[in-house]
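Next come the chains, spelled out residue by residue.
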Amino acid sequence: MRLQAAAVKLGYGDRTIVDGLDLGIEAGTVTTIIGPNGCGKSTLLRALGRLLKPQGGEVLLDGKRIDRIPTREVAKVLGVLPQAPTAPEGLTVADLVARGRHPHQTWYRQWSTDDESAVAEALTMTGLADLAERPLDELSGGQRQRAWISMALAQGTDLLLLDEPTTFLDLAHQVEVLELVRRLHHASGRTIVMVLHDLNLAARYADRLVAMRGGRVIAAGEPHEVLTEELLREVFELDAKVIPDPVAGTPLVVPIGTHRQSS
Amino acid sequence: MTSIPLRLGGLSWRIRPRGVVVTTAGLALLALLMALSMRMGDIELTVAQVLAATFDPADPAHFVIMELRLPRALTGALVGAALALSGAIIQSIARNPLASPEILGVTNGASVLVVAGVVASGSAYGGTSGLLTSLGVPALALLGGLIGAVIVYGLAWRRGLDGYRLVLVGIGVAAVFTNVKFWLLTVGDVNDTGRAMVWISGSLHGRGWEHVQPVAVALAVLVPLALTGTRSLNALRFGDDTVTALGLRMNRARAAMILAAVLLAAVATASAGPIAFVALAAPQIALRLTRSAQPPLLSSAAVGAVLITAADLLARTLFAPVELPVGVVTAVLGAPYLIHLIWRARK
Amino acid sequence: MSATAVAPRLHGIRHRRITVLAVLAAAVLAGVVLSITIGSRSVAPLDAWHALTAPGDTESDIIIRSLRVPRTALGVLSGLALGVAGALMQGHTRNPLADPGLLGVTQGAAFAMVASIMWLGASSLLAYIWFGLAGALVASVGVFALGMVGGRGGPTPVTLALAGTAVSAFLYALTSALVLLDEQAMDVFRFWQAGSIAARGPDVVWQVLPFIAAGLVLAMINAPGLNALSLGEDVARSLGQHIALTRTVGVAAVTLLSGAAVAACGALAFVGLIVPHLARALSGTDHRWLIPYSGLLGAALVLLADVVGRVVAPPGELEVGVVLALIGAPFFVALVRRRKPVRL
Numbered sequence: 081m082r083l084q085a086a087a088v089k090l091g092y093g094d095r096t097i098v099d100g101l102d103l104g105i106e107a108g109t110v111t112t113i114i115g116p117n118g119c120g121k122s123t124l125l126r127a128l129g130r131l132l133k134p135q136g137g138e139v140l141l142d143g144k145r146i147d148r149i150p151t152r153e154v155a156k157v158l159g160v161l162p163q164a165p166t167a168p169e170g171l172t173v174a175d176l177v178a179r180g181r182h183p184h185q186t187w188y189r190q191w192s193t194d195d196e197s198a199v200a201e202a203l204t205m206t207g208l209a210d211l212a213e214r215p216l217d218e219l220s221g222g223q224r225q226r227a228w229i230s231m232a233l234a235q236g237t238d239l240l241l242l243d244e245p246t247t248f249l250d251l252a253h254q255v256e257v258l259e260l261v262r263r264l265h266h267a268s269g270r271t272i273v274m275v276l277h278d279l280n281l282a283a284r285y286a287d288r289l290v291a292m293r294g295g296r297v298i299a300a301g302e303p304h305e306v307l308t309e310e311l312l313r314e315v316f317e318l319d320a321k322v323i324p325d326p327v328a329g330t331p332l333v334v335p336i337g338t339h340r341q342s343s
Numbered sequence: 162m163t164s165i166p167l168r169l170g171g172l173s174w175r176i177r178p179r180g181v182v183v184t185t186a187g188l189a190l191l192a193l194l195m196a197l198s199m200r201m202g203d204i205e206l207t208v209a210q211v212l213a214a215t216f217d218p219a220d221p222a223h224f225v226i227m228e229l230r231l232p233r234a235l236t237g238a239l240v241g242a243a244l245a246l247s248g249a250i251i252q253s254i255a256r257n258p259l260a261s262p263e264i265l266g267v268t269n270g271a272s273v274l275v276v277a278g279v280v281a282s283g284s285a286y287g288g289t290s291g292l293l294t295s296l297g298v299p300a301l302a303l304l305g306g307l308i309g310a311v312i313v314y315g316l317a318w319r320r321g322l323d324g325y326r327l328v329l330v331g332i333g334v335a336a337v338f339t340n341v342k343f344w345l346l347t348v349g350d351v352n353d354t355g356r357a358m359v360w361i362s363g364s365l366h367g368r369g370w371e372h373v374q375p376v377a378v379a380l381a382v383l384v385p386l387a388l389t390g391t392r393s394l395n396a397l398r399f400g401d402d403t404v405t406a407l408g409l410r411m412n413r414a415r416a417a418m419i420l421a422a423v424l425l426a427a428v429a430t431a432s433a434g435p436i437a438f439v440a441l442a443a444p445q446i447a448l449r450l451t452r453s454a455q456p457p458l459l460s461s462a463a464v465g466a467v468l469i470t471a472a473d474l475l476a477r478t479l480f481a482p483v484e485l486p487v488g489v490v491t492a493v494l495g496a497p498y499l500i501h502l503i504w505r506a507r508k
Numbered sequence: 252m253s254a255t256a257v258a259p260r261l262h263g264i265r266h267r268r269i270t271v272l273a274v275l276a277a278a279v280l281a282g283v284v285l286s287i288t289i290g291s292r293s294v295a296p297l298d299a300w301h302a303l304t305a306p307g308d309t310e311s312d313i314i315i316r317s318l319r320v321p322r323t324a325l326g327v328l329s330g331l332a333l334g335v336a337g338a339l340m341q342g343h344t345r346n347p348l349a350d351p352g353l354l355g356v357t358q359g360a361a362f363a364m365v366a367s368i369m370w371l372g373a374s375s376l377l378a379y380i381w382f383g384l385a386g387a388l389v390a391s392v393g394v395f396a397l398g399m400v401g402g403r404g405g406p407t408p409v410t411l412a413l414a415g416t417a418v419s420a421f422l423y424a425l426t427s428a429l430v431l432l433d434e435q436a437m438d439v440f441r442f443w444q445a446g447s448i449a450a451r452g453p454d455v456v457w458q459v460l461p462f463i464a465a466g467l468v469l470a471m472i473n474a475p476g477l478n479a480l481s482l483g484e485d486v487a488r489s490l491g492q493h494i495a496l497t498r499t500v501g502v503a504a505v506t507l508l509s510g511a512a513v514a515a516c517g518a519l520a521f522v523g524l525i526v527p528h529l530a531r532a533l534s535g536t537d538h539r540w541l542i543p544y545s546g547l548l549g550a551a552l553v554l555l556a557d558v559v560g561r562v563v564a565p566p567g568e569l570e571v572g573v574v575l576a577l578i579g580a581p582f583f584v585a586l587v588r589r590r591k592p593v594r595l
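Residue numbers (the working numbering), protein chains in the order written: chain L, 81 to 343; chain V, 162 to 508; chain P, 252 to 595.
These are calculated hints, taken from the structure and not from any lab test. Check before you lean on any hint, since a few could be wrong.
So, partial list: chain P residues that the calculated Cβ filter (under 10 Å) puts toward chain L [stated by the list, open to error]: (1) I264; (2) R292; (3) D454; (4) Q458; (5) N478; (6) A479; (7) R531; (8) L533; (9) T536; (10) R588.
Chain L is nowhere near these chain P residues, computed Cβ spacing over 10 Å in every case [said to hold, decoys possible]: (11) V283; (12) L431; (13) P453; (14) L460; (15) V486; (16) G491.
Simulated pairs of lysine to aspartate or glutamate, EDC-like, Cα-Cα distance not exceeding 16 Å [what the hints assert, rightly or not]: (17) L/K156 <-> L/D142; (18) L/K156 <-> L/D194; (19) L/K321 <-> L/E305; (20) L/K133 <-> P/E310; (21) L/K133 <-> P/E484; (22) L/K133 <-> L/D99.
The C-beta atom is built at its ideal place from N, Cα and C for all residues, glycine as well.
Chain L with its partners taken away, still in its complex shape (with noise of 0.2 Å):
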């Protein structure tokens, strides 16, 4: 087990959101959360980045609690991209990813090789390199979040935990950023934990799927097993039909509601 929530409480002040709950993620797999609006997948997601303290319970790193573990050194194995960040106007996107090398940097060594050739794998990984000068408020939107994996991907951790990566993204951008991740995965064996909002894209790019509901985890396992029709209904409150995607064969939701005839 790579990373391990154990019963764990999680918060904002008085407000708790997620109680007493237990998940592990195995090395080298992609995990997908899924959930509705505000069920604490985001919370949760944070918590096992160590970027909220849990109220109760314990974040495990590698069976180790991750808060006994300097942060610099959490920063060397595990990297959290968090929901639509923001980077200060007329960064470039070069300056951008450089910054992912920033825990491996000390005030006597700015920038060694090994910065240097992580910057440049990761922009030519996520097809950059021709932009790196670029400033990042020029870019569209999908070209952007490709930018923010790179910082991630150049911070050099094999676990990666991103936080509804394709949200304000066309379809077309969505697969091509979710095409990035699993190629990540391939080409490395990096472990991935993802919220995503899509079912659809979320079955057919994730090993694992986590489906939550009020703080608590309902169901998990293999895409086929978790996304059933009495799940949708217990999850989301939606009456759907679950068939074979055409293309991969992992299961395809189609929501039943009112719909225009067609003749």
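For this one, chain L is given, so just place chains V and P on it according to the hints.
Leaving out everything else, chains V and P in the frame of chain L:
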């Protein structure tokens, strides 16, 4: 629930209950402070005496109430409201809680011209002379304030107005003005400097009806204008892209609101000197009391009026017969309160 | 495109940055030479060199060693300190209106100075500076503590900025009330307010040097953390940055730098307001470069302004703060107008 709809025939508004409560409470407190201001001073009066003196021209205290205390208290309240309103508008436009009429060049422009007037006229014959007496301090301050604003606005305008550039240009111009002011203070005779310092700190000493009128007129005209502009202010808080998307004529809306802020600050400064802290603090206090996302205009004005009226009451009674400059007491009173609100919000 | 083709470009950016750094350092050096040689009594550079390396008893040798050198050293130190402190302050608060005095440093120093004159009978420059420094430190620590109260993970930029402004206004009000009561205090205060590096002996330089040196070291340590913070607190934390620690180090650096500079040279804090905006146009948003650029630019500008102030109105002098604003601010406004400002 943060807002309730209010509909009257075809008209409809959204009212924030907290805003109404804060504004009403502010006005009630203001009335109380005004009443106290009428009673307290060299001659202590009871409420009955105040009422009698107000309506009876033959009463010995009539002059004290109608010519000294009332115009002074009114000037204070109106100036406070005008400065706070000006600050609320600027903070919304600049999207910056540290912004105040200073970055529009108004207060500093006024200060430079007034200090120059005081220093240039000299005190060789024990009084003021030359430019200063012929124009008078308020006119000089108004002129200075408007010149300052025109300079900032003119320099910041470049195929449209960008909030960020306005702030940066404002910083630059303020640096020039402030240092011209400091330099004038070092050049001048120490007695003149002392008098100039009193004005720079802001004072309501000896303010009469002639000081009340301009601020009252400015508020009467500009408050409705500012309130109709609230809708565009709400949009201006977002980035320029969003504003354009919301279909506002951005530059025109912004220019109108800035003009209102400039006039309010300039007129207020002309009447009472640059009372520095109100314009910055009152909107931030009102924002925290009403728990709204941006400085609420009417509540800010109420807070500003209360702040200055209370400060002036203390300024003239605390160490009587020595009178403190109202600007000093305003900061001494307002700063701890703002700090208290910041501290409380973090709990 | 392959990974190896990207690397040279990254190198190119780095080369340009080093070149700019060298140019700025050269500007400071030129400022030092001008500051030592030019004044009411001008000295040829070679004679000045002679006065420094093999000091004799000629009048010009004495002027150079006892007046010009300390004055120049103080110009370099205060310019460095305020430029760097301004860059840190704006970076931490992400507010273009933030100056190094924002945490109450300037007004704390002013209040302590005036109070020491009135109540403790302080009468020497050295005493004023010690009290000013103490006042600056106390005010800044107070503001920071205020921002810390009740908050987890350190104070947020907005509360820090507002608390600092409120405390500054409070202290300024007290100071201006005090100086109205005491003419000697008023006299010291008005000259202090204008800002000057003249007529301060070598002892003043030695007095502030350790504070500024410590502040500069802390600032450079803080730079990478500030870069991480500028991407938002969540990203910074995920990059392994300790947020509260970073803020504390930043505030400590600003306090040491601007406290020492302001106590020694008066209310020059607006150097720190303007210079980082100029430096940002050269460096972009990378604080590892922005901070040294701001420091060097600040030093060069203070020296230049001081030299201009010496020659522009003979036989008198204009205070460096006044000249700085009158030269620097219009230049700044022109720059802001000419191109799209680099935002925080």
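Structure-inconsistent hints, enumerated in ascending order: The structure conflicts with hints 2, 3, 4, 8, 10, 15, 16 and 20, although it agrees with all the remaining ones.
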